[in-house]
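*Asks:* Spelled out from the first residue to the last, the chains are:
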Amino acid sequence: MGIVTLKNISKIYPSNQGNIYAVQDVNLEIQAGEFYSLLGSSGSGKTTILRLIGGFEIPEQGRVLLGDEDVTQQPPYQRNVHTVFQKYALFPHMTVTENIAYPLTVEGVTKVEIDQRVTEAIETFRLQGLADRKPNQLSGGQQQRVALARALIDRPKVLLLDEPLSALDAKIRQEVRQELRELQKLTGLTFIYVTHDQEEAIALSDRIAVMHNGKVEQVGTPSEIYNQPASLFVAKFIGKANLFTGKIINSRTVDINGYVLDIPELKSQNPGNQVTIMIRPERLQINPRTLRDQEITGKIVNCTYIGQTREYQIQTSMGLLNITKLATGTDYAVDSIVEISWSTEDCVVLFN
Amino acid sequence: MVIPATPKPSLDAANSLGMLPSISQGYTNVPRNKRPQPPIFLGVWTGITFLFLYLPIAVLIFLSFNDSNILSLPWRGITGKWYSLAFSDRPLMESLGNSLKVATAATVLATGFGLLTAWGIYRYQFWGRNTLRIAVNLPILLPGVVTGVAMLAYFSSLDLPLSLITVILGHGIFGLPVAMGSILTRLGQFPQSLAEAAADLGAKPGRAFWDVIFPYISSAVASGALLAFTLSFDEVIVTIFLTGRDNTLPLEIWARLRTDITPEIAAAATLVLLGSSVFILLNQWVASRE
Numbered sequence: 001m002g003i004v005t006l007k008n009i010s011k012i013y014p015s016n017q018g019n020i021y022a023v024q025d026v027n028l029e030i031q032a033g034e035f036y037s038l039l040g041s042s043g044s045g046k047t048t049i050l051r052l053i054g055g056f057e058i059p060e061q062g063r064v065l066l067g068d069e070d071v072t073q074q075p076p077y078q079r080n081v082h083t084v085f086q087k088y089a090l091f092p093h094m095t096v097t098e099n100i101a102y103p104l105t106v107e108g109v110t111k112v113e114i115d116q117r118v119t120e121a122i123e124t125f126r127l128q129g130l131a132d133r134k135p136n137q138l139s140g141g142q143q144q145r146v147a148l149a150r151a152l153i154d155r156p157k158v159l160l161l162d163e164p165l166s167a168l169d170a171k172i173r174q175e176v177r178q179e180l181r182e183l184q185k186l187t188g189l190t191f192i193y194v195t196h197d198q199e200e201a202i203a204l205s206d207r208i209a210v211m212h213n214g215k216v217e218q219v220g221t222p223s224e225i226y227n228q229p230a231s232l233f234v235a236k237f238i239g240k241a242n243l244f245t246g247k248i249i250n251s252r253t254v255d256i257n258g259y260v261l262d263i264p265e266l267k268s269q270n271p272g273n274q275v276t277i278m279i280r281p282e283r284l285q286i287n288p289r290t291l292r293d294q295e296i297t298g299k300i301v302n303c304t305y306i307g308q309t310r311e312y313q314i315q316t317s318m319g320l321l322n323i324t325k326l327a328t329g330t331d332y333a334v335d336s337i338v339e340i341s342w343s344t345e346d347c348v349v350l351f352n
Numbered sequence: 001m002v003i004p005a006t007p008k009p010s011l012d013a014a015n016s017l018g019m020l021p022s023i024s025q026g027y028t029n030v031p032r033n034k035r036p037q038p039p040i041f042l043g044v045w046t047g048i049t050f051l052f053l054y055l056p057i058a059v060l061i062f063l064s065f066n067d068s069n070i071l072s073l074p075w076r077g078i079t080g081k082w083y084s085l086a087f088s089d090r091p092l093m094e095s096l097g098n099s100l101k102v103a104t105a106a107t108v109l110a111t112g113f114g115l116l117t118a119w120g121i122y123r124y125q126f127w128g129r130n131t132l133r134i135a136v137n138l139p140i141l142l143p144g145v146v147t148g149v150a151m152l153a154y155f156s157s158l159d160l161p162l163s164l165i166t167v168i169l170g171h172g173i174f175g176l177p178v179a180m181g182s183i184l185t186r187l188g189q190f191p192q193s194l195a196e197a198a199a200d201l202g203a204k205p206g207r208a209f210w211d212v213i214f215p216y217i218s219s220a221v222a223s224g225a226l227l228a229f230t231l232s233f234d235e236v237i238v239t240i241f242l243t244g245r246d247n248t249l250p251l252e253i254w255a256r257l258r259t260d261i262t263p264e265i266a267a268a269a270t271l272v273l274l275g276s277s278v279f280i281l282l283n284q285w286v287a288s289r290e
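Chains A and B supply the protein sequences, listed in that same order.
Everything in the first sequence is counted per this note's numbering, starting at 1 for the first residue and increasing by one.
Everything in the second sequence is counted per this note's numbering, starting at 1 for the first residue and increasing by one.
These aren't lab readings, by the way, just hints derived from the structure by calculation.
Remember, it's a predicted structure, so these values are computed and weren't measured experimentally.
One should not assume that every hint holds.
Said to hold, decoys possible - Derived DEER-like restraints, expressed as beta-carbon distance ranges: (1) B/P215 to A/T119: 22 to 32 Å; (2) B/P143 to A/G108: 50 to 60 Å; (3) B/T104 to A/K134: 25 to 35 Å; (4) B/F87 to A/T119: 51 to 61 Å; (5) B/Y124 to A/P264: 54 to 64 Å; (6) A/K134 to B/P143: 42 to 52 Å; (7) B/G188 to A/Q137: 53 to 63 Å.
Said to hold, decoys possible - Here are the computed lysine-lysine pairs in the DSSO-like style, where the Cα-Cα straight-line distance is at most 27 Å: (8) B/K81 to A/K134; (9) A/K215 to A/K171; (10) A/K111 to B/K204.
Quick reminder that beta carbons are idealized off the backbone N, C-alpha and C, glycines included.
Please construct the entire structure, taking both the sequences and the accompanying hints into account.
*Replies:* This is the structure in structure tokens:
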């Protein structure tokens, strides 16, 4: 039993065109101590799920469980989860100290203990010297740290984060990202993190739930999501991908525009069915010293220098291949003929 | 790669097109009718408008210092006696006291109920919500005479004797939409996430209101209250219908205009003007602190 479980959750909004499902029949189980991300574009339902866990929305169907307690109908102030809002929602008329102390003030903790714990929090979150400032006198990064301190001061079991990095400058986003991960590891708390940035999700998470149109497309570790996407949507949403449509020949081969491609063995196969094959751009090798499982000849039609990498586009009988290579080493000129090689296990078969 | 050099614009070419003076030789050489004009007409018109609005009041203040027994020109010398007379005039001072009592009580009523109404409209969806919101504004939309007569008829049918109490009720009725309007506007600006954050951190709804929402709207509450007070203090029409034997200050002044037209009236009126101005400025100051 996870620390947060969603069972058959649906959030429905009635409208003129019938019911709109913000979240449709979602099942999720989040384990204690995990950094768990809900990844999707706007409208995918990820924020709705977060709000359902936090208690700001009540689902029309399904149940929300914290541990083994059914909290579906409970208002936010009864749930032992806290939220870091996208724009931090710091109380504008209170100082930093009063903001951070608020959960303890509400609880009725003694003043002495409040002072002590707030001082600790100010140390931990590097807010020294800012204790008496109001939120509008703080920078974005400082505001975020106050929001974190405030949400963590009474030691909730689960922290919900709603796109906390989106309001920060790109420059400090990387730094803060790292700090968040370290904070989570240090405290051992469960973080449930909503983002639309797939790079962020992959960098931070133990597990990711990819969401689309109110449904969960796939749940897995960053590596699983990236290397073994379960659907075409996930393959396209995460990273860059080479995608080819082809027809199944048998359980080991697919016909793509006449080229016979070997694939990892399919459990069930219907010859003639249409499938999509995905290969990540970094898995394709140009003129390798030793050929891998399969190879194809192609002509380089484009080369883009990105600094750290070079991106090639190569025309082959299979289609146009996108290849990403580190910019160290040989540079291939446009129009040169090259051999492209890859391992069979790098091919992912997608049915939808 | 060779980047082709951009051709320099030729001064001769520009000159021949007549473009040169305003660009290269600076503004001083530009013919007068091409420079931006000072807004003379706007200034004159603004001056006339202000004169039209404030000249009567200015004359009033002016004449309150006039050492003459009639409230009119000619000017017979400066004196402050009308002011000291006003202060020792018992009925006048009593009516001032009444005005203050009424205004204070009406403000409390108006602001209290205005806050409740605004909160109800903001927070809850209910049948008739929009109708309520518009209906509450009727006392200030309708002519004062209509409100006055309506309330008079109502109090009469209740056998309620006319007195300062009925005046307070009347002022409270049209103070309510004023206070409510100010508060409702401010509530509309309230970021919902703040209330959610308070709830998220453990505050029950009542607590969240006092800790987070009320501080946010407090300036609007104060502003609405000040406005309601000012309106009550100056109010004449509804008051005429609803008062018993006691007069408020404007009523007292108005009553005397028929019989006793000395500069003492002007002095009293100037005092009212001063008081109202202070409140309006206070109101602006409070509202501007957002």
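*Asks:* A separate judgement is required for each hint: does it hold in the structure or not?
*Replies:* Checked hints:
1. B/P215 to A/T119: 22 to 32 Å: This hint holds: roughly 25 Å between Cβ atoms.
2. B/P143 to A/G108: 50 to 60 Å: holds, 54 Å
3. B/T104 to A/K134: 25 to 35 Å: Check passed, 33 Å falls within 25 to 35 Å.
4. B/F87 to A/T119: 51 to 61 Å: At 58 Å between Cβs, range holds.
5. B/Y124 to A/P264: 54 to 64 Å: Holds - the Cβ-Cβ distance for B/Y124 and A/P264, about 59 Å, lies within 54 to 64 Å.
6. A/K134 to B/P143: 42 to 52 Å: 46 Å Cβ-Cβ, so the 42 to 52 Å window holds.
7. B/G188 to A/Q137: 53 to 63 Å: Roughly 26 Å apart at Cβ, these two residues miss the hinted range, so it is violated.
8. B/K81 to A/K134: Violated, at about 53 Å.
9. A/K215 to A/K171: Roughly 33 Å separates the two Cα atoms, so the pair is violated.
10. A/K111 to B/K204: holds, 20 Å
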